[in-house]
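Following the hints, put chain B in place on chain A, whose structure we already have.
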Amino acid sequence: MIHESSFRDPSGFLFYEERKLLRQVNNCYQKDYDFLMGSLLYNKLIKAGLLIEHRELENHHGFNADCYKILEPELINFISYPYEWCFGQLQDAAITTLKIQTMALQHGMTLKDSSAYNIQFHKGKPILIDTLSFEIYKDGKPWAAYKQFCQHFLAPLALMSFTDIRMNQLLKIYMDGIPLDLTSQLLPFSTKMNFSLLMHLHLHSKSQKKYERKETASKNISISRANLHALIQSLLNTVTRLKMKGQKTEWGNYYSFNNYTDKSFAHKKEIISRFIDQIKPETIWDVGANTGEFTQIAGARGINCVAFDIDPLAVDSYYSDLKIQQIENILPLIMDLTNPSPSIGWNNNERLAFKQRPLPDAVLALALLHHLVISNNLSFHKIASFFKEITNHLIIEFVPKTDSQVRILLASRKDIFIHYNEESFENNFARFFNIKEKISILDSERIIYLMTKKVGS
Amino acid sequence: MINILNPIIANIFPGFMWSMLGYIDPGTGSIIIQALIAGVLGVSVAAKIYWHRILKFLKIGKTAKTNDPPESDSTES
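Chains A and B, in that order, give the protein sequences. So that you can map any letter, position 384 of the first sequence is 407 in our numbering, and since no number is skipped, the others follow by simple counting. So that you can map any letter, position 49 of the second sequence is 224 in our numbering, and since no number is skipped, the others follow by simple counting.
If we strip away everything but chain A, and leave its shape as in the complex, we get (with noise of 0.2 Å):
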């Protein structure tokens, strides 16, 4: 079965096949596959880890007739979206797409593509995952996959920089990348101040509006290879320069400002490890994870994490800090629980939704309930029930109504969870998970539960 989202490119396409999955190289693409492969850009890429490292099938019969080779290339452990990247995320991408661009015109080859969605995060870095994004170069042809970087990575990061950073979402609507006329509009009138961005973004976009549905010989024009390098260089320049809107969100801060002491955050930790170590997950998912405190439980122990959260600064700043340790195993996303990636694209079917992806072995769910029934209104029932059709396993704090991140969320409404109590939450829960154990936390209300679920359940 070909792969959802890999119709595109004639030189090739993805599937799958019993348990694995598989890249066919056409007919078509075969010159510029041997000129990679006998050139040293492939194992340049591969050393630098920037392109993901693939072998040869020998014998393979082929997806159908067109097929020049079969590869297998090493799988990621979790797909992800530059709508669910922070700042920083989306960032290295884009860097990492021109380096990988500077790379290949050293060794006479070039994207002919530059799509954020061709990268994806691997063992903690951006990489390249399609191999078959580079064609041969030929002298003073112009860069065809410009339009599509400056949509996917320079539009939505100048738009977080300079006017909001929530405004990588704008790429889940649209999925070639942020158009440049809306970029031209959002941004503020400063930045037409900023050389690069004026002519990238502001001008690009005047240039897009004056050819549109105009027949214009473009395909006489040449660009000279210094040309083109300066061209890439500016925009890596440009790309690296820019900084996040440094605004303050609700959860940025989370914990400078809330009501463990230590003996009761140690303490909580403790519980945290014993259970995970109970569980012995191979993966976990942190659903409220904000910088990892507890995510690094987990991923201490070599456990393959995914980290949620709503908030993007709070995601950025733990990503920052797992590249400064090098952690390779947890992968911070922005996600927000109570309206997940929907699945998008052709057919809603390229892009996959949140609860479609590999599921998790255990979920970490802590100081999270209280959000989802408080600030949305969800029931327990509702609540549990998602749960059991993502994950087998689940470490869920309860945090009671006397406690006061609660009262701080009840202080301005009227109080209609009447059913918001710690008997109401473990009859809901147990309908589908068995409470295994639960501990409460020393100088806290909040208890910790361990629950697996019913077998089918």
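Worth flagging that the hints you see were computed from the coordinates, not collected in a lab. Among the clues, some could well be false.
Ranges between beta-carbon positions, derived for each pair [to be verified]:
1. B:200 x A:269: 32 to 38 Å
2. B:229 x A:80: 54 to 60 Å
3. B:224 x A:202: 55 to 61 Å
In silico DSSO-like links for lysine-lysine, alpha-carbon gap of 30 Å or less [stated by the list, open to error]:
4. A:477 x A:411
5. A:229 x A:195
6. A:459 x A:437
7. A:232 x A:286
8. A:146 x A:195
9. B:223 x A:161
10. A:146 x A:161
11. B:234 x A:122
12. A:476 x A:411
13. A:266 x B:223
14. B:234 x A:215
15. A:268 x A:242
Each residue gets a CB set at the ideal place from its N, CA and C atoms; glycine is no exception.
Here is chain B on its own, set in the frame of chain A:
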């Protein structure tokens, strides 16, 4: 501004046909602006290089490092 630049674009860049092997639409407006920007940047990079060479020749100022773009293919067998 694009109107003024049209004749300049047509004359600066010598035309020759290149084939599009890629599959995505590069966008006519994007190609044109790309050529313009690359041209402007290329001129400024060249100016920087020659300015440093002139200064060096006249032994004026410090000998500065330059970031030279690649001038020829690096071919490997």
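Consistency of the hints with the structure:
{"no.": "1", "hint": "B:200 x A:269: 32 to 38 Å", "in the structure": "holds (36 Å)"}
{"no.": "2", "hint": "B:229 x A:80: 54 to 60 Å", "in the structure": "holds (58 Å)"}
{"no.": "3", "hint": "B:224 x A:202: 55 to 61 Å", "in the structure": "violated (37 Å)"}
{"no.": "4", "hint": "A:477 x A:411", "in the structure": "holds (9 Å)"}
{"no.": "5", "hint": "A:229 x A:195", "in the structure": "holds (24 Å)"}
{"no.": "6", "hint": "A:459 x A:437", "in the structure": "violated (34 Å)"}
{"no.": "7", "hint": "A:232 x A:286", "in the structure": "violated (61 Å)"}
{"no.": "8", "hint": "A:146 x A:195", "in the structure": "holds (25 Å)"}
{"no.": "9", "hint": "B:223 x A:161", "in the structure": "holds (27 Å)"}
{"no.": "10", "hint": "A:146 x A:161", "in the structure": "violated (34 Å)"}
{"no.": "11", "hint": "B:234 x A:122", "in the structure": "violated (36 Å)"}
{"no.": "12", "hint": "A:476 x A:411", "in the structure": "holds (6 Å)"}
{"no.": "13", "hint": "A:266 x B:223", "in the structure": "holds (27 Å)"}
{"no.": "14", "hint": "B:234 x A:215", "in the structure": "violated (38 Å)"}
{"no.": "15", "hint": "A:268 x A:242", "in the structure": "violated (39 Å)"}
When held up to the earlier numbered hints, the structure conflicts with 3, 6, 7, 10, 11, 14 and 15 and fits the remainder.
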